[in-house]
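With the hints as extra help, turn the sequences into a complete structure.
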Amino acid sequence: MARTSTLERSIGNFGAWLLGLPEQFGRFCLFSASAISYAPLELATRRGWTHLIPQAFAIGTQSVPVIMLTGAFVGMVLVAQGWGQFETAGLSDRLGVIVNISVASELGPVLAGVMLAGRVGGALTAELGTMNVTEQLLALRSMGCNPVRHLATPRFLACVLLAPILTLYADLLGAFGAWAVYAGYYSGESEPYWFYTRQAVEYWDLGAGLVKAFFFGGTIGLISCYKGFHCKSGAEGVGRACTDAFVISFIMILVLDFFLNLVINGLYEGLYGPRPLLF
Amino acid sequence: MEVGDPIIELRRVSKAFGRQRVLDDIDLKVECGKSTVIVGRSGTGKSVLLKHIVGLLRPDKGEVYFEGRRIDNLSERALTPMRQQISFVFQLNALFDSMSVAENVAFPMMEQRSGAVSKRKTRALSSHCLELVGLAGFENKRPAELSGGEKKRVALARAIAMDPAPKVILYDEPTAGLDPQRADVINKLIRHLQREVNVTGVVVTHDMRTATEVGDRLLMLWGGRFIADGAPEDVMGAKEKHVRRFVEGSAEPEDLKTLTA
Numbered sequence: 003m004a005r006t007s008t009l010e011r012s013i014g015n016f017g018a019w020l021l022g023l024p025e026q027f028g029r030f031c032l033f034s035a036s037a038i039s040y041a042p043l044e045l046a047t048r049r050g051w052t053h054l055i056p057q058a059f060a061i062g063t064q065s066v067p068v069i070m071l072t073g074a075f076v077g078m079v080l081v082a083q084g085w086g087q088f089e090t091a092g093l094s095d096r097l098g099v100i101v102n103i104s105v106a107s108e109l110g111p112v113l114a115g116v117m118l119a120g121r122v123g124g125a126l127t128a129e130l131g132t133m134n135v136t137e138q139l140l141a142l143r144s145m146g147c148n149p150v151r152h153l154a155t156p157r158f159l160a161c162v163l164l165a166p167i168l169t170l171y172a173d174l175l176g177a178f179g180a181w182a183v184y185a186g187y188y189s190g191e192s193e194p195y196w197f198y199t200r201q202a203v204e205y206w207d208l209g210a211g212l213v214k215a216f217f218f219g220g221t222i223g224l225i226s227c228y229k230g231f232h233c234k235s236g237a238e239g240v241g242r243a244c245t246d247a248f249v250i251s252f253i254m255i256l257v258l259d260f261f262l263n264l265v266i267n268g269l270y271e272g273l274y275g276p277r278p279l280l281f
Numbered sequence: 005m006e007v008g009d010p011i012i013e014l015r016r017v018s019k020a021f022g023r024q025r026v027l028d029d030i031d032l033k034v035e036c037g038k039s040t041v042i043v044g045r046s047g048t049g050k051s052v053l054l055k056h057i058v059g060l061l062r063p064d065k066g067e068v069y070f071e072g073r074r075i076d077n078l079s080e081r082a083l084t085p086m087r088q089q090i091s092f093v094f095q096l097n098a099l100f101d102s103m104s105v106a107e108n109v110a111f112p113m114m115e116q117r118s119g120a121v122s123k124r125k126t127r128a129l130s131s132h133c134l135e136l137v138g139l140a141g142f143e144n145k146r147p148a149e150l151s152g153g154e155k156k157r158v159a160l161a162r163a164i165a166m167d168p169a170p171k172v173i174l175y176d177e178p179t180a181g182l183d184p185q186r187a188d189v190i191n192k193l194i195r196h197l198q199r200e201v202n203v204t205g206v207v208v209t210h211d212m213r214t215a216t217e218v219g220d221r222l223l224m225l226w227g228g229r230f231i232a233d234g235a236p237e238d239v240m241g242a243k244e245k246h247v248r249r250f251v252e253g254s255a256e257p258e259d260l261k262t263l264t265a
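Which chain is which? The protein sequence lines are S and H, in order. Heads up: the first sequence begins at 3 in the working numbering, then just goes up one per residue. Heads up: the second sequence begins at 5 in the working numbering, then just goes up one per residue.
It is possible that some hints are incorrect.
[Claimed, not checked] List time: in silico BS3-like cross-link candidates among lysine-lysine, alpha-carbon distance up to 30 Å: (1) H:K55 - H:K192; (2) H:K243 - H:K192; (3) S:K234 - H:K55; (4) H:K65 - S:K234.
[Said to hold, decoys possible] Computed far set for chain S versus chain H, every beta-carbon distance over 12 Å: (5) C147; (6) A182; (7) D259; (8) Y274; (9) L279.
In case anyone wonders, no lab produced these hints; they're calculated from the structure. The C-beta atom is built at its ideal place from N, Cα and C for all residues, glycine as well.
Pasting the structure below:
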């Protein structure tokens, strides 16, 4: 029998991986549809809330400090980066406009999403992956209990419902951090800073960020749970699933962000016409 | 269903994973009220067979029946009423880490939608089941705080904690990883539970002591088929070479060849 070279094996493995992609995607879609379909039922029952509240605590409450810290430093860095340019142009009191729009509509939701994917997504995958390899998911099925409804739906719901709230925290701390550096470190004047910010930043920007966060949260929840449910056996399998969950969530956040921007901007223009110039 | 009637039936069941054929045209009738033990080397498909009985795996070919009703073609939802009559003791115990011992034991009852078991009754029954397995007072401990033998006993308590009691308990390697003394406790417990709760048992093991102690009937799985079937003492004395070697615990010549190759 002819021996296969490393190159041939690599090409074969790549081909098998490529052919398996549609199947994986199909499985993910079925899993997601199943998890989402139980969401109304879980929200409507007391038992559903008893599953949801501990997840909301783990996913939401325990993420608040890290999200706030991220938001604050994002705002601070943006001011530190922009101050020189804006001051040279004599527009330093308009710095808040660009910083707060960026934080509310873009950086707040994206960075909160990335932090959520890292902190929560990894933990969800590890927890469910361990349950998978120690036969706990099989045990649930053997008791006539649907593991997707019992485990994935509450986690998905907690991610969907709490990602916008966490983003709001990131936005608030981002705005505060930016102002603190502007006024405290660069001694900028607060009154014109907030005046121009109020003029330019619309509720729409804040709403756009929260809508994005809603989708990012759902994506992180579904990907993390799917990877945990379908991880390979052993510590290596669980570890790989955690890495995959983070990487795929991160990529999906950026992809979704692009398409959601197109939709949200199109919607804005359809409703209010072209956006006025910021300066 | 009368004692001795076939409560579980597998008809010409085959199962393969990739190119590896694990079960090959298997026929099995499990009699109601009896304890059936299936032995075989590691990796011969004993656990796979057990998972077919409760619908966790579907056969590639063949049929599976529970109380005369075909179940291998049912949806997950349609399998639920049947699964609520069968308990499964997993090899790794499969206790839920996030719950206390009492919550683990009460879990199947809490999840029974149709059962409508009251909280007070659930608590009383789970305490009774923990007492039966000698773990009274362990209610508030977490699985991580228990030894291997204690975890196994909690898994047994969870298996019987149903209202009404399960009709069948499936045991997957109930003594694996335990020292001989703790294994003996588990064997006696299985026998005790069978007498006390009067359930049908299907035990999968490669421990011959467990097989002879808890079994009314003993089968040996080899190459995807049963090569021995009878009372434990008959199988123990069988002349078939693979059975002989397994009972004596001596290696197969082809396994030794791979060592010296």
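Given as non-interface: S:A182, partner chain H, CB spacing beyond 12 Å = holds (40 Å)
Check on S:Y274 being off the interface with chain H, judged by Cβ distance over 12 Å = holds (48 Å)
Between H:K65 and S:K234, is the straight-line Cα distance small enough, at 30 Å or below?
-> holds (26 Å)
Taking the shortest Cβ-to-Cβ distance between S:D259 and chain H, state whether it exceeds 12 Å.
-> holds (33 Å)
Verify the proposed pairing of H:K243 with H:K192, using a straight-line Cα cut of 30 Å.
-> holds (29 Å)
Under the criterion that the straight-line Cα-Cα distance not exceed 30 Å, is the pair H:K55, H:K192 satisfied?
-> holds (24 Å)
Nearest-CB test (12 Å) between chain H and S:C147 = At about 5 Å from chain H, S:C147 fails to clear the 12 Å cut-off, so the statement is violated.
Over 12 Å to the closest beta carbon of chain H is the bar; see if S:L279 clears it.
-> holds (54 Å)
With a cut-off of 30 Å on the C-alpha distance, tell me whether S:K234 and H:K55 pass.
-> Given that 30 Å is the threshold and the Cα spacing comes to 19 Å, the pair holds.
This entry does not satisfy hint 5, going by the numbered hints stated previously; all others are met.
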